[in-house]
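Protein chains: 4
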Amino acid sequence: MPPVKKGIIERLNAGEVVIGDGGFVFALEKRGYVKAGPWTPEATVTHPEAVRQLHREFLRAGSNVMQAFTFYASDDKLENRGQTLKITGAQINEAACDLAREVASEGDALVAGGVSQTPSYLSCKSETDVKAIFKKQLDVFMKKNVDFLIAEYFEHVEEAEWAVQVLKTSGKPVAASLAIGPEGDMHGVSPGECAVRLVKAGAQVVGVNCHFDPMTCVEAVKMMKAGVEKAGLKAHYMVQPLAFHTPDCNCQGFIDLPEFPFALEPRILTRWDMHKYAREAYKVGIRFIGGCCGFEPYHIRAVAEELATEKGKMPPGSDKHGMWGTALEMHTKPWVRARSRREYWEHLKPASGRPHCASLSTPEGWGVTKGHTDLLQHKEATTTQEMQHVLQMQKKGKSTA
Amino acid sequence: MPPVKKGIIERLNAGEVVIGDGGFVFALEKRGYVKAGPWTPEATVTHPEAVRQLHREFLRAGSNVMQAFTFYASDDKLENRGQTLKITGAQINEAACDLAREVASEGDALVAGGVSQTPSYLSCKSETDVKAIFKKQLDVFMKKNVDFLIAEYFEHVEEAEWAVQVLKTSGKPVAASLAIGPEGDMHGVSPGECAVRLVKAGAQVVGVNCHFDPMTCVEAVKMMKAGVEKAGLKAHYMVQPLAFHTPDCNCQGFIDLPEFPFALEPRILTRWDMHKYAREAYKVGIRFIGGCCGFEPYHIRAVAEELATEKGKMPPGSDKHGMWGTALEMHTKPWVRARSRREYWEHLKPASGRPHCASLSTPEGWGVTKGHTDLLQHKEATTTQEMQHVLQMQKKGKSTA
Amino acid sequence: MPPVKKGIIERLNAGEVVIGDGGFVFALEKRGYVKAGPWTPEATVTHPEAVRQLHREFLRAGSNVMQAFTFYASDDKLENRGQTLKITGAQINEAACDLAREVASEGDALVAGGVSQTPSYLSCKSETDVKAIFKKQLDVFMKKNVDFLIAEYFEHVEEAEWAVQVLKTSGKPVAASLAIGPEGDMHGVSPGECAVRLVKAGAQVVGVNCHFDPMTCVEAVKMMKAGVEKAGLKAHYMVQPLAFHTPDCNCQGFIDLPEFPFALEPRILTRWDMHKYAREAYKVGIRFIGGCCGFEPYHIRAVAEELATEKGKMPPGSDKHGMWGTALEMHTKPWVRARSRREYWEHLKPASGRPHCASLSTPEGWGVTKGHTDLLQHKEATTTQEMQHVLQMQKKGKSTA
Amino acid sequence: MPPVKKGIIERLNAGEVVIGDGGFVFALEKRGYVKAGPWTPEATVTHPEAVRQLHREFLRAGSNVMQAFTFYASDDKLENRGQTLKITGAQINEAACDLAREVASEGDALVAGGVSQTPSYLSCKSETDVKAIFKKQLDVFMKKNVDFLIAEYFEHVEEAEWAVQVLKTSGKPVAASLAIGPEGDMHGVSPGECAVRLVKAGAQVVGVNCHFDPMTCVEAVKMMKAGVEKAGLKAHYMVQPLAFHTPDCNCQGFIDLPEFPFALEPRILTRWDMHKYAREAYKVGIRFIGGCCGFEPYHIRAVAEELATEKGKMPPGSDKHGMWGTALEMHTKPWVRARSRREYWEHLKPASGRPHCASLSTPEGWGVTKGHTDLLQHKEATTTQEMQHVLQMQKKGKSTA
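Order-wise, the sequence lines are chains U, D, S and R.
The opening position of the first sequence corresponds to residue 0 in numbering that gives the first Met the number 0, with each subsequent residue numbered one higher.
The opening position of the second sequence corresponds to residue 0 in numbering that gives the first Met the number 0, with each subsequent residue numbered one higher.
The opening position of the third sequence corresponds to residue 0 in numbering that gives the first Met the number 0, with each subsequent residue numbered one higher.
The opening position of the fourth sequence corresponds to residue 0 in numbering that gives the first Met the number 0, with each subsequent residue numbered one higher.
No wet-lab data here; the hints were simulated from the structure.
Be aware that a few hints might be false.
Straight-line Cα separation of at most 27 Å, DSS-like style, residue types lysine-lysine; simulated pairs [unchecked claim]: (1) U/348 with S/4; (2) D/29 with U/29; (3) R/282 with D/395; (4) R/369 with R/134; (5) R/134 with D/282.
Restraint-style ranges between C-beta atoms, simulated for each label pair [said to hold, decoys possible]: (6) R/322 with S/44: 20 to 26 Å; (7) U/144 with D/45: 46 to 52 Å; (8) D/45 with U/12: 54 to 60 Å.
Ideal placement from N, C-alpha and C gives every residue a C-beta, glycine not left out.
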């Protein structure tokens, strides 16, 4: 029988750094197992080997959290966006928990079950209806006995509060993470106020994930921390940002960038960008530090390497990596060997190789959020009429840009 | 018993498009299984599940060739660059062939065994010595009965000729691919002349791989084809380029770019760039079309989707992808649904999100190639003195840039 | 005897648009008559034909204000920065007024005399001392009977207040313009508060000039206007921005950009940028609209053309320009003729032709302002010791950037 | 009576550097005296003070050649492009010669009369007709006794030969300069062959002007020199490039760039770029070194400062400039003083301040040259039908870019 692992709150209370994992949706889309558009995780059932392998890579990279791949695995989401396999949310969630547990057992990692924003909320369903969806997912997580729970990727703090309230009934530790930046949630609630509300709802760890680049997310969490402290409350902090540079985003984040989701490549962070991110997050007082869309295993490894001293150990995967590029000493070409040092990589400003492209884009800003008819979800495929409507809006947006 | 698959030459003779796979070294480095610097493939022995998974992803993406992961798996390379596990080249090559065969059997793919340039050649060893290295690798490929052979990643046509001559003794079909661009090999031999020499040495398929971006590689193969035709010879053509934009390269390719190998992210091609590449390669008359460093499964899938009409079928992995982004019709946000069409993605010029970076770099140009003392390989780690020498050269290069 | 011209306040009270001129210091530096570093206007005495010609060009371009070229023409400035000709401030100012009057008489323009920030203030001289400097300049302006007075290019509102108080004693209309952006003056006083203080000191027109690009300056004046209105006061508004794009500036403006003052070329605004600026300034309620460093006559003409309807006439110089490029209809090449229309130029995003340069810089931020010893002015040339000090600070700044 | 000045050929024979002037058309367009589109020089008659002032500025900057402002001053050009003042070519040319002579007398400069390509040639008029146009201009130059003659801005070497043959009849020294780059003239004649033909036609100085940036022009002249030397001939060499970076041009030069002529600002060279240009031109063996469109007086001064040692003196205008920025030692702000040194400016890569713009453009390539109906010139304004035709061609070009 393996020794019992320290729980998430015990670790954070002890001041330990907890390394999160990266975003499965984007990584598995590139590997061929997730469909961009619906973004749903049927792969836990149809291609478990692919999901398991990605977990293993993050474990090797240093992750202490195996987040079950349950993103958007609520029945209301699965129904209304083209899922034709008739796999239920419960089936996906169960398989996801099993895969996460299997790999977590191979190292120093905990299993987290997660819920995220629902089409029902955007379509203005009642609190009772929305909470019922979270409860259904929670039942699986309890059955599978995950180590803790995460309510993540919420654009409206109100829905996140509902999720936390549901998850809290389980008695498990609850973390809550919003998809917001320094401008606050989609209804204009500031990061500080969001955090206070989440803590009051019962979250022990609060933070942000997705939608913005690492430095922007760290800034938002810093504002959350200031809000929580000002309110005389206590919490731990988490951050799981994009691995894309997004200096040109508005409050809706990378969704509004013209490059989302199929032309974000030039924005991908290097491992050296990740060192800066990890250091900054640590300085600000965040201790649960991971990633979201765009993070590949080597990004997480870079976070773990930057914080190796604080953690007291290097991640397993560093047996295939020289800290700050030192393994380049073994490269054939002498001029590449000359790059085997921190000063080289730390100051390099990488070129895009795209002289016909600009460095910033103009985000679309439709100003459409919860309650707007364009967001009402339905099971049927988008009609031609609906498409003409959105194309007209897009064209209109361009001509005024 | 499965039906016998058509061989590589039969396919090419029939005018079929053969989709290659992507580069394992870079993909597995990001996943944590290959060490940048030595770049050697011990993972076939130590982490077979990771190698197998990557093969599977390329198969799903539409690859017709499972290239055994044997890059740099020659004993002279394994010895002199920090390989401490005492795994022999033969062990690696055997494991690599088994993994490739296992996955190839799951679909419409052939197994290829490959050899690449050797430290021995760069260190001016004799033709006999160098050929002995290739022979040792070939012995494994014959024992494992691969479907065909590839001599790839050669910077000097002379060494490639030697490789082809050795491989040719097997009776298996031989393809030969140089790591060169339109300027020719590192001794200044033009692509046309290189191709003629390789065909005369016995290669039935000739082309280029690695070192340059897709359009540049296609241009080089076009020059090869012109050379072969002018000489009154016949051959098939292959191309397996980088998935990085490299308009600023000199004749040594991306190795000389300051971003190599750890800051190439902003140069990564989008799937839409791949559509253009696949179409252009096809137009030029190339029929073996694949990828090298930087290619992820979704890049190969884009190649396969672009050529789906010519191939008569979509790749298996397209069940998780809408051609030209059509699956975005199922996205929650209407402005993302507005992007579910070819015209949108085809003309988008993606921003880098890096306004403090330039779009082109100045490549280093040390002008060091076979025969130069700085390239003499040795088993020992780089000494402090050697490092000081290369750092001085690097500094000198910068001040004159 | 010519008809008496309407004064500046009468024009503004009548709701007329008053077009300013461009910055003489930068324009004459490029023509060879001003020395960058000291930036002093001895050319009014030594090369009057060059100064007169530039006035004429701005008059042709549509300027309604001939600002006497008296920038930095205070004795304390002339003394301490390498002026070796022993020309006094009074001599320069008198010559400047005569030149401005001569050209103003040739068209619909008024003559303005101006004072700007003094080394004495930066060196912490007393209010009495600083005011004495302004008084000395004012005496010349009164003797030459200028039409109105401008206190401009102040980084600290306190010194501008002193200037306004002195100028106000003359009975002439007084305009006051700070070299600040939306962040406020160098002591952190907000634009709104600055404006209120200037109005209370007696300025009838308030605004900003220099240091930032047009849109940033318009934004700052908008904040001034909001402040003045909130305080229940009344004023007219002016803006005379740079003709350089400065999105990467901090509160000190373009002085802190690494490109200042000798590599700003890639940032120069096109005439089409000027159309947007003029329209935006007008919309915000600004009626005295001109330019500062970087403005060439064609920039002012573009402002005048954009506002031709509001002014009721085109500028004289438009006889050599087709509105929105229509004169290109007479170009030899048909593809250039195709550019003779507004939609073409309005949406063009001009390339830099510099793929090895970034699009944004990191400004230096020494945080040195009034009261800091590094700003104490002295007559002697910079000593070697002082230079070593600043070079060390510069190096330090770079390594932390 | 002033001492007789050394002629152009005596200077070049003696190995002296002769500094040219900059392009009047672009400089005076920005000042309000030339209309872009027709580009004709009526200003010599209507605004002589503006033309005289620009000559003076170039003289101060170090120019040894006052080129009479006679660009496009042929009657066939004046007639067919909107010149409504009924000023004849002879009137313009006479006034231009007088202005050039007046200013040349004030310093060490010679007067040159010039002819350039004609609409008649593009419209396929006969050699006799075209030569008659040159002869008419030459008659004025002889009457005004210019010091030497320049045939410049020819896109087809054949027309330039005709011009040289006419000018040669005068007995004056003849220089010939084509508007071509390394790809050769618009009919594909290589720079080397062009130069040989011009020398054989009678030109004593050959080179290129306009259409490309300095380094590209120097490269083209280098090819000319190689051609002339290979043919066993002798000549002197001249170069008068653009002051715009044009790495993205095709063979037609900057005319084809989307930014021509009203959005070239981001491409303007800095004075430091000019130092590199002057040094490179000198190294290649060019001794007549000047500028064309985009050159302002400070650009020529930078050329003269870079070659001050070779010329044995600084230009007069350097009394208002510190070599390599040294006058910044007298700047108020210490961090600007820190920029008063060569290493700072020599290595600075200036940002564009335009993150929404790319660094390179795609030139239009209509492939229309002499003989194409779209180039047939007529006196009437462009018709609506003609405009629709060119707009269609432009749109078509864009969609395939």
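Right, here's what the structure says about each hint:
1. U/348 with S/4: violated (57 Å)
2. D/29 with U/29: Distance ~13 Å between residue 29 of chain D and residue 29 of chain U Cα, so the pair holds.
3. R/282 with D/395: holds (22 Å)
4. R/369 with R/134: Roughly 22 Å separates the two Cα atoms, so the pair holds.
5. R/134 with D/282: violated (53 Å)
6. R/322 with S/44: 20 to 26 Å: holds (25 Å)
7. U/144 with D/45: 46 to 52 Å: violated (32 Å)
8. D/45 with U/12: 54 to 60 Å: At roughly 37 Å between Cβ atoms, residue 12 of chain U and residue 45 of chain D fall outside 54 to 60 Å, so the hint is violated.
Hints 1, 5, 7 and 8, counting from the list given before, are not met by this structure.
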